[in-house]
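Peer 1: Residue-level listing of the chains:
Number of protein chains: 2
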Amino acid sequence: MKFNLRYDTKYLDGFVSPKEMDSIWPEIQKSQGYLTARNGQGKEFLGWLDLPKNIDVNMVRDIEETAQKLRVNADVIVVIGIGGSYLGAKAVVEMLQPEFGEKKIIFAGHNLSAQYIAELLEFLKTKEVAINVISKSGETTEPAVIFRVLENFMRGKYGNDEIKDRIVCTTDAKKGLLKKIAEANGYKTFVIPDDIGGRFSVLTPVGLLPIAAAGINIWNFIAGARTAREALESGTLDTNISYKYAAVRNILYRKGKCIEVLSNFDYRLHYAAEWWKQLFGESEGKENKGIFPASCDFTTDLHSMGQLLQDGERNIFETFLIVEKELNDIEIPFAPKDLDKLNYLTGKEISFVNEQAYKGTSEAHFEGGVPNSAIILPNKTDFSIGELFYFFEKVVAISAYTLGVNPFNQPGVEAYKKKMFMLLGKNL
Amino acid sequence: MKFNLRYDTKYLDGFVSPKEMDSIWPEIQKSQGYLTARNGQGKEFLGWLDLPKNIDVNMVRDIEETAQKLRVNADVIVVIGIGGSYLGAKAVVEMLQPEFGEKKIIFAGHNLSAQYIAELLEFLKTKEVAINVISKSGETTEPAVIFRVLENFMRGKYGNDEIKDRIVCTTDAKKGLLKKIAEANGYKTFVIPDDIGGRFSVLTPVGLLPIAAAGINIWNFIAGARTAREALESGTLDTNISYKYAAVRNILYRKGKCIEVLSNFDYRLHYAAEWWKQLFGESEGKENKGIFPASCDFTTDLHSMGQLLQDGERNIFETFLIVEKELNDIEIPFAPKDLDKLNYLTGKEISFVNEQAYKGTSEAHFEGGVPNSAIILPNKTDFSIGELFYFFEKVVAISAYTLGVNPFNQPGVEAYKKKMFMLLGKNL
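Chains as they are written, first to last, in this note's numbering: chain A, 1 to 428; chain B, 1 to 428.
These are computed hints drawn from the structure, not numbers from a lab.
You may find that some hints are simply not true.
[To be verified] Derived DSSO-like pairs (lysine-lysine); straight-line CA-CA distance at most 30 angstroms:
hint	chain 1	residue 1	chain 2	residue 2
1	B	K53	B	K43
2	A	K380	B	K43
3	A	K257	B	K255
4	B	K125	A	K348
5	B	K30	A	K127
6	A	K337	B	K255
7	A	K157	A	K127
8	A	K164	A	K69
9	B	K127	A	K418
10	A	K157	A	K104
11	B	K180	A	K10
12	B	K103	B	K341
13	B	K164	A	K337
14	B	K127	A	K10
15	A	K125	B	K341
16	B	K125	B	K180
17	A	K325	A	K289
18	B	K43	B	K341
19	B	K380	A	K125
20	A	K19	A	K359
21	A	K2	A	K418
22	B	K164	A	K341
23	B	K157	B	K104
24	B	K419	A	K257
25	A	K69	A	K180
26	B	K419	B	K174
27	B	K164	A	K127
28	A	K180	B	K348
29	B	K380	A	K164
30	B	K127	A	K127
31	A	K104	B	K125
32	A	K103	B	K19
The model shown is predicted, which means the values in this text are computed figures rather than measured ones.
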């Protein structure tokens with residue numbers, strides 16, 4: 001398959017000059033060099049880089065078969081995880097699953113809302129249930145607490161024998177509390193590799209099992225990522241859009257554009273933006289540096305954040321995430337009396353109106369002083385999403401190295417946990 | 001009832017000094033003066049200020065009765081609106097309605113996703129349906145297009161007579177396209193007052209009818225707002241928390257803190273933050289000024305945005321939105337083998353763990369260089385939410401005047417629309 005993401009930079013004109021692009025190019029090359037030679041900061045976490053090419057086909061088959069079994073056995077599959085063990089699968093599932101009616105996948109352990117769990121337990125009473133719990137160490141508080149509560153519920157509902165077929169653990173290959181729990185109870189396990197950080201783990205069993213359990217074709221998803229890997233492995237600012245986007249981000253940031261808004265015109269990409277926020281925020285937000293990642297769902301948020309984007313402080317740049325071809329479309333019907341004066345749109349499709357909203361917005365924001373560019377997906381398929389996710393992973397590695405930070409660590413995430421554990425009275 | 005929101009400023013220590021507070025006080029007084037004398041910029045849009053006191057009781061009764069009829073007649077009530085005609089009701093409904101199972105209220109017309117509408121039409125086929133369409137002019141593209149599609153659907157499903165009992169319009173008292181449509185078809189109408197802008201309209205029929213249709217007690221909601229109005233009408237920085245929060249925001253912004261993150265520890269407040277983003281972004285984001293409003297749902301987003309908040313560029317301040325008393329709670333069960341090493345939490349409730357996460361986070365972010373304060377709600381009830389919403393309305397008026405802009409206009413929101421209408425071929 002051909003790599004078919006595009007990157008449109010028309011509305012960067014006057015904000016990012018060809019000269020600035022030329023001048024940052026050696027830095028981008030240096031950043032790529034760290035990835036090629038595997039000698040940059042965080043080099044022990046580069047497993048994601050060639051994963052789409054090297055992925056274990058037997059493991060993928062096993063994931064698919066396991067997912068199929070869970071789907072047959074259960075009305076609802078509860079996926080327990082947080083952060084990198086939540087957002088990748090959540091993004092893909094929300095993008096591709098139907099909006100209304102009952103959901104096959106429900107996420108939990110991604111917060112400490114007692115109300116959420118109380119209502120979930122009530123809801124699950126009358127359902128057949130399976131669980132996929134995801135945690136490298138088994139020690140992360142949210143999924144650990146929620147798994148304890150839900151495992152208890154499952155034991156009461158199904159007994160010790162039957163839950164073996166209904167609980168699958170995604171965890172470390174050898175060590176950690178969740179691994180021990182799985183061994184003690186006879187739960188099936190999948191492995192989270194040591195050389196891939198949480199926010200880069202969507203193509204490991206962490207993301208693949210819940211995605212497959214939602215009924216999505218993970219082979220296509222992986223193929224999309226593989227296609228992106230090949231297309232983005234090398235090249236120049238003109239031929240490699242991961243280099244170009246990484247360059248643009250750094251140039252704008254150095255000029256005081258400290259906020260990036262990732263704006264879609266399809267709310268189904270909402271959680272793709274949430275995943276992107278972790279990927280970019282956690283990779284770049286360190287050493288008192290880093291672009292602040294925000295997101296908007298348009299046209300919804302044009303009616304809330306639109307005023308500020310158009311006229312507010314000019315410390316913003318915008319990146320549109322655009323899907324060219326809508327899956328289902330609706331034609332605007334004719335109205336004999338035309339009381340709403342919309343007959344000029346009769347026979348047009350809603351996606352056409354949405355597209356003109358995008359075109360109008362990108363031009364208006366540009367004229368209002370917001371440099372913007374667009375990442376364009378041909379459609380919203382498993383394959384395209386695979387391309388998009390690998391693209392973003394490659395961009396953030398190049399971009400963070402160019403910013404001068406280690407893209408693969410997260411030294412700040414323990415600060416609040418230490419204080420929390422003290423308050424909870426945990427023996428540290 | 002007593003006003004029972006609190007504002008905790010402990011972790012502003014060293015970031016906002018008593019001297020700075022003293023020195024901004026005359027500006028805050030001047031801003032309050034514009035409201036009291038009704039002689040500031042945008043003075044024609046101050047209807048929200050005394051609304052909780054002056055609200056027409058007969059209108060509220062009519063709203064309640066109408067909502068009750070819709071609830072009885074319909075499995076699903078589709079609320080069509082965008083921006084200020086969407087976010088207030090959405091925030092309250094999402095906060096107080098059950099998480100799982102079928103929803104009584106579905107929102108539409110808040111985007112141009114053809115897929116959303118296609119799936120909605122499919123879903124509605126087997127349901128009894130009612131509609132509340134909300135638009136001051138009837139000309140806003142999204143709700144107008146979606147109402148045309150859904151009115152067509154309703155006509156096919158119920159016929160011209162029966163839809164009269166199933167469609168309610170919230171619109172201008174006299175003029176506009178939606179008013180004409182209502183008159184021509186015999187739909188019941190409620191009035192959007194001329195002196196209240198969209199983002200301040202949650203206590204008008206715009207917000208009240210959908211909220212009542214969700215089964216929520218709007219009398220309590222209004223009573224909360226009324227209590228807040230009285231408590232926040234006058235006073236000093238020490239006695240009036242709307243003054244204090246407005247002062248803090250302006251002091252921090254002048255020192256380069258250009259991003260405010262509204263962080264909850266209860267995801268049910270997610271859409272309250274979306275409503276807040278419109279209220280603050282649209283009121284302040286103009287004349288190349290304005291704090292960028294962002295939001296986080298914790299603990300979820302501590303595992304995505306946490307690293308950047310702790311260690312990233314120090315251009316951020318944080319405002320926590322905290323609910324003291326969780327509605328339902330869940331006790332963490334005992335596990336005989338303690339494989340997950342969580343027995344130190346046995347007998348504790350999940351809300352207790354969540355509370356320690358908040359305490360740990362606020363202290364850690366403070367130590368990491370993020371000034372933070374907290375708005376504390378005693379509970380998540382209709383009454384408290386009414387207090388909160390009025391509090392924010394009062395704060396933004398004071399805050400925007402103190403910033404030096406008109407809190408009540410939105411001159412930038414037409415820019416993209418003009419371009420879009422040209423692309424759509426509309427005769428302007």
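Peer 1: Now tell me if each hint is right for this structure.
Peer 2: Here is how each hint holds up against the structure:
1. B:K53 - B:K43: holds (19 angstroms)
2. A:K380 - B:K43: Roughly 47 angstroms separates the two Cα atoms, so the pair is violated.
3. A:K257 - B:K255: holds (17 angstroms)
4. B:K125 - A:K348: With Cα atoms ~23 angstroms apart, B:K125 and A:K348 stay inside 30 angstroms; holds.
5. B:K30 - A:K127: violated (60 angstroms)
6. A:K337 - B:K255: Given pair A:K337, B:K255 is violated - Cα atoms ~57 angstroms apart, limit 30 angstroms.
7. A:K157 - A:K127: holds (10 angstroms)
8. A:K164 - A:K69: Holds, at about 12 angstroms.
9. B:K127 - A:K418: violated (51 angstroms)
10. A:K157 - A:K104: holds (19 angstroms)
11. B:K180 - A:K10: Answer violated: B:K180 to A:K10 is near 42 angstroms, above 30 angstroms.
12. B:K103 - B:K341: violated (38 angstroms)
13. B:K164 - A:K337: It holds: about 18 angstroms lies between the C-alpha atoms, which stays within 30 angstroms.
14. B:K127 - A:K10: Violated, at roughly 46 angstroms.
15. A:K125 - B:K341: holds (27 angstroms)
16. B:K125 - B:K180: The hint holds at about 28 angstroms.
17. A:K325 - A:K289: Violated, because 37 angstroms separates the two Cα atoms, which is more than 30 angstroms.
18. B:K43 - B:K341: violated (60 angstroms)
19. B:K380 - A:K125: The given pair, whose Cα atoms are some 26 angstroms apart, holds under the 30 angstroms limit.
20. A:K19 - A:K359: holds (27 angstroms)
21. A:K2 - A:K418: Given that 30 angstroms is the threshold and the Cα spacing comes to 47 angstroms, the pair is violated.
22. B:K164 - A:K341: holds (21 angstroms)
23. B:K157 - B:K104: holds (19 angstroms)
24. B:K419 - A:K257: Between B:K419 and A:K257 the Cα gap is close to 25 angstroms, so the pair holds against 30 angstroms.
25. A:K69 - A:K180: holds (23 angstroms)
26. B:K419 - B:K174: holds (29 angstroms)
27. B:K164 - A:K127: Violated, because 39 angstroms separates the two Cα atoms, which is more than 30 angstroms.
28. A:K180 - B:K348: holds (24 angstroms)
29. B:K380 - A:K164: violated (39 angstroms)
30. B:K127 - A:K127: holds (23 angstroms)
31. A:K104 - B:K125: holds (21 angstroms)
32. A:K103 - B:K19: violated (55 angstroms)
Violated hints, in rising order: 2, 5, 6, 9, 11, 12, 14, 17, 18, 21, 27, 29, 32; the structure is consistent with all others.
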